[in-house]
Amino acid sequence: MSDLKRKNLVDKEPADMHGEDGIRFTESQKAKKEQKEREDETLKTSLKKNKK
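Residue numbers (my numbering): 84 to 135.
The hints are simulated quantities; they were obtained by calculation from the structure and are not laboratory data.
These numbers come from a predicted model, not from an experiment.
Careful: at least some of the hints might be erroneous.
To be verified - Straight-line C-alpha distance at most 27 Å; calculated DSS-like pairs for lysine-lysine:
hint	residue 1	residue 2
1	Lys119	Lys134
2	Lys131	Lys115
3	Lys119	Lys131
4	Lys134	Lys113
5	Lys127	Lys113
6	Lys127	Lys116
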């Protein structure tokens, strides 16, 4: 890897390398987040059923 390319990679934020702002998640991180959201939703619905 050339020194210039290495410097550019070090100086930029990960999202900047893709021409976007913000945080970029990997596919595994997205899958974990979606799984956690599904578990939270399931927990909420089961708690509502138990209250009745």
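Structure-based check of each hint:
About 23 Å separates the Cα atoms of lysine 119 and lysine 134, which keeps this hinted pair within 27 Å; it holds. A distance of roughly 24 Å separates the Cα atoms of lysine 131 and lysine 115; the hinted pair therefore holds under the 27 Å criterion. Restraint check for lysine 119 and lysine 131: the C-alpha separation of about 18 Å stays at or below 27 Å, so the hint holds. A distance of roughly 32 Å separates the Cα atoms of lysine 134 and lysine 113; the hinted pair therefore is violated under the 27 Å criterion.
Between lysine 127 and lysine 113, the direct Cα distance comes to roughly 21 Å. Compliance with the 27 Å bound is thereby established for this hinted pair. With a CA separation close to 16 Å, the supplied pair lysine 127 and lysine 116 stays within the 27 Å bound.
Checked against the numbered hints listed earlier, the structure breaks hint 4 alone; every other hint is satisfied.
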